[in-house]
Amino acid sequence: MVWKKHSYEDIPGTYVFDGKHAHGAYPINKLLFSFNTEECRDEFDRDPAAYCDKFGVTGKYKEAIIKKDFLGMLRMGANIYYMAKMAIPRGTSVQDAGAAFQGITTEEFQAKLLAKRDGLEERLAKEGGYWNG
Amino acid sequence: MARILGGVTSSHIPAVGNAIANNLTQEHYWKRFFDGYGPAQEWLQKVKPDIVIVVYNDHGLNFFLDKVPTFALGCADMYHNADEGWGLKPVAPFQGDAEFSWHLAESLVEQEFDICTCQEMLVDHGFVNPIRALYGTHEKWPVKAIPLAVNTVQHPVPTAARCLKLGRALRKAIESYPEDLKVVIFGTGGLSHQLQGERAGLINIEFDLECVEKIAHEPEWMTKFTNAEIMELAGTEGIETIMWLVMRGALQDDAKLIHKHYHAPISNTGAGVLVMENAA
Chain A
1 MVWKKHSYED IPGTYVFDGK HAHGAYPINK LLFSFNTEEC RDEFDRDPAA
51 YCDKFGVTGK YKEAIIKKDF LGMLRMGANI YYMAKMAIPR GTSVQDAGAA
101 FQGITTEEFQ AKLLAKRDGL EERLAKEGGY WNG
Chain B
1 MARILGGVTS SHIPAVGNAI ANNLTQEHYW KRFFDGYGPA QEWLQKVKPD
51 IVIVVYNDHG LNFFLDKVPT FALGCADMYH NADEGWGLKP VAPFQGDAEF
101 SWHLAESLVE QEFDICTCQE MLVDHGFVNP IRALYGTHEK WPVKAIPLAV
151 NTVQHPVPTA ARCLKLGRAL RKAIESYPED LKVVIFGTGG LSHQLQGERA
201 GLINIEFDLE CVEKIAHEPE WMTKFTNAEI MELAGTEGIE TIMWLVMRGA
251 LQDDAKLIHK HYHAPISNTG AGVLVMENAA
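If you're matching them up, the sequences are chains A and B in order.
For the first sequence, this note's numbering assigns the number 1 to the initial residue and increments by one for each residue that follows.
For the second sequence, this note's numbering assigns the number 1 to the initial residue and increments by one for each residue that follows.
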């Protein structure tokens with residue numbers, strides 16, 4: 001029994017959500033999926049540990065959930081979209097998570113993104129054929 | 001017979017829906033992105049499709065990871081939006097066309113695209129936001145809509161080549177439907193973005209512009225990339241760009257480019273709008 005190696009595993013700073021992650025992190029993703037329902041979110045809030053037990057989320061996974069360690073959860077195989085169901089209502093945006101991954105502040109992360117806009121309109125004008133206001 | 005009028009592409013990220021819901025579309029951050037939708041909205045108003053087929057990926061609303069269909073087609077009369085975990089009020093339900101969907105499913109399976117048929121299908125932001133960006137938000141939507149979900153979330157996901165072929169099969173399926181329906185295909189998602197890992201925040205403008213250009217004029221170009229290569233260039237979530245190829249494959253090879261718009265960033269994403277029109 002072996003997990004086949006994929007070329008995408010060599011992309012730096014990247015965790016491709018494939019069978020290996022989906023398999024190992026199935027209980028935690030199942031718990032996160034349940035947050036689509038408000039009653040489930042409330043039940044979790046009343047007793048996070050008991051809610052983890054209900055879904056068979058144990059050990060380091062359970063610890064990460066209870067501590068709301070979103071970064072740790074992602075590294076353990078929680079899917080980013082599923083994690084967003086827990087993180088966003090609790091005030092952690094995907095940009096906060098991205099910043100944490102890089103060890104910078106959210107403001108720094110957003111500034112790096114905004115810099116992409118510098119010179120964009122000129123670049124598109126040069127390219128030709130683009131709508132430009 | 002049913003006829004494909006053309007296709008439109010759009011990003012579908014949650015922030016687009018939030019900007020619309022919170023009336024932010026004319027704020028500096030959003031204005032250029034949303035203003036670039038104007039010609040696409042006008043084109044839709046002019047050609048007036050009866051129905052749009054929205055190619056998108058589900059992000060864990062309708063499908064959980066217990067069953068992940070590679071391609072899934074809505075085959076119902078109605079599709080509901082629902083809470084995705086953020087407690088937002090769902091938008092009004094979308095009217096489908098079950099007879100048309102089942103014809104598409106039959107034709108696709110005959111053409112060896114063994115698609116998953118769904119008689120109940122909740123539609124998430126991936127489906128809803130492009131429609132809102134292109135039609136505005138309505139209590140009664142001005143167009144019927146059919147969801148066509150592509151798995152871009154859990155690998156293995158289909159190749160770019162397979163998506164282009166699905167589009168070509170979809171074209172045959174649509175054009176063999178006996179009713180005089182006017183159809184437009186929305187290819188949604190993309191362009192480059194990566195939400196997770198130390199490489200989060202990646203936006204590759206050069207690759208995005210190349211994708212926009214090539215998908216419009218030479219879509220086969222995209223099929224030379226493996227999914228690993230696309231993710232390396234466009235980010236893990238940028239793999240969604242393969243869904244544009246379903247739209248492109250459904251159109252005539254020489255479909256006319258009507259409108260081309262690119263903006264970055266919107267949230268973490270490079271965003272592109274294409275409008276392409278088939279010859280009558």
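Source of the hints: derived by calculation from the structure; they are not laboratory data.
Yeah, the Cβ is synthetic: ideal placement off N, Cα and C, and Gly gets one too.
Mixed in with the good hints there might be a few duds.
[Said to hold, decoys possible] Simulated DEER-style distance windows between Cβ atoms:
| # | chain 1 | residue 1 | chain 2 | residue 2 | range |
| --- | --- | --- | --- | --- | --- |
| 1 | B | Asp77 | A | Gly133 | 23 to 31 angstroms |
| 2 | A | Thr37 | B | Lys224 | 26 to 34 angstroms |
| 3 | B | Thr223 | A | Ala115 | 45 to 53 angstroms |
| 4 | B | Gln45 | A | Glu127 | 38 to 46 angstroms |
| 5 | B | His217 | A | Thr105 | 22 to 30 angstroms |
| 6 | A | Lys67 | B | Glu198 | 14 to 22 angstroms |
[To be verified] Taking lysine-lysine and the BS3-like style, the derived pairs with C-alpha atoms no more than 25 angstroms apart in a straight line are:
| # | chain 1 | residue 1 | chain 2 | residue 2 |
| --- | --- | --- | --- | --- |
| 7 | A | Lys54 | B | Lys67 |
| 8 | B | Lys89 | B | Lys140 |
| 9 | B | Lys140 | B | Lys48 |
| 10 | A | Lys116 | B | Lys31 |
| 11 | A | Lys20 | B | Lys67 |
| 12 | B | Lys48 | A | Lys5 |
| 13 | B | Lys182 | B | Lys224 |
| 14 | B | Lys67 | B | Lys172 |
| 15 | B | Lys48 | B | Lys172 |
| 16 | B | Lys67 | A | Lys62 |
Structure-based check of all given hints:
{"no.": "1", "hint": "Asp77(B) x Gly133(A): 23 to 31 angstroms", "in the structure": "41 angstroms, violated"}
{"no.": "2", "hint": "Thr37(A) x Lys224(B): 26 to 34 angstroms", "in the structure": "43 angstroms, violated"}
{"no.": "3", "hint": "Thr223(B) x Ala115(A): 45 to 53 angstroms", "in the structure": "32 angstroms, violated"}
{"no.": "4", "hint": "Gln45(B) x Glu127(A): 38 to 46 angstroms", "in the structure": "27 angstroms, violated"}
{"no.": "5", "hint": "His217(B) x Thr105(A): 22 to 30 angstroms", "in the structure": "42 angstroms, violated"}
{"no.": "6", "hint": "Lys67(A) x Glu198(B): 14 to 22 angstroms", "in the structure": "21 angstroms, holds"}
{"no.": "7", "hint": "Lys54(A) x Lys67(B)", "in the structure": "21 angstroms, holds"}
{"no.": "8", "hint": "Lys89(B) x Lys140(B)", "in the structure": "16 angstroms, holds"}
{"no.": "9", "hint": "Lys140(B) x Lys48(B)", "in the structure": "16 angstroms, holds"}
{"no.": "10", "hint": "Lys116(A) x Lys31(B)", "in the structure": "16 angstroms, holds"}
{"no.": "11", "hint": "Lys20(A) x Lys67(B)", "in the structure": "16 angstroms, holds"}
{"no.": "12", "hint": "Lys48(B) x Lys5(A)", "in the structure": "49 angstroms, violated"}
{"no.": "13", "hint": "Lys182(B) x Lys224(B)", "in the structure": "32 angstroms, violated"}
{"no.": "14", "hint": "Lys67(B) x Lys172(B)", "in the structure": "28 angstroms, violated"}
{"no.": "15", "hint": "Lys48(B) x Lys172(B)", "in the structure": "21 angstroms, holds"}
{"no.": "16", "hint": "Lys67(B) x Lys62(A)", "in the structure": "24 angstroms, holds"}
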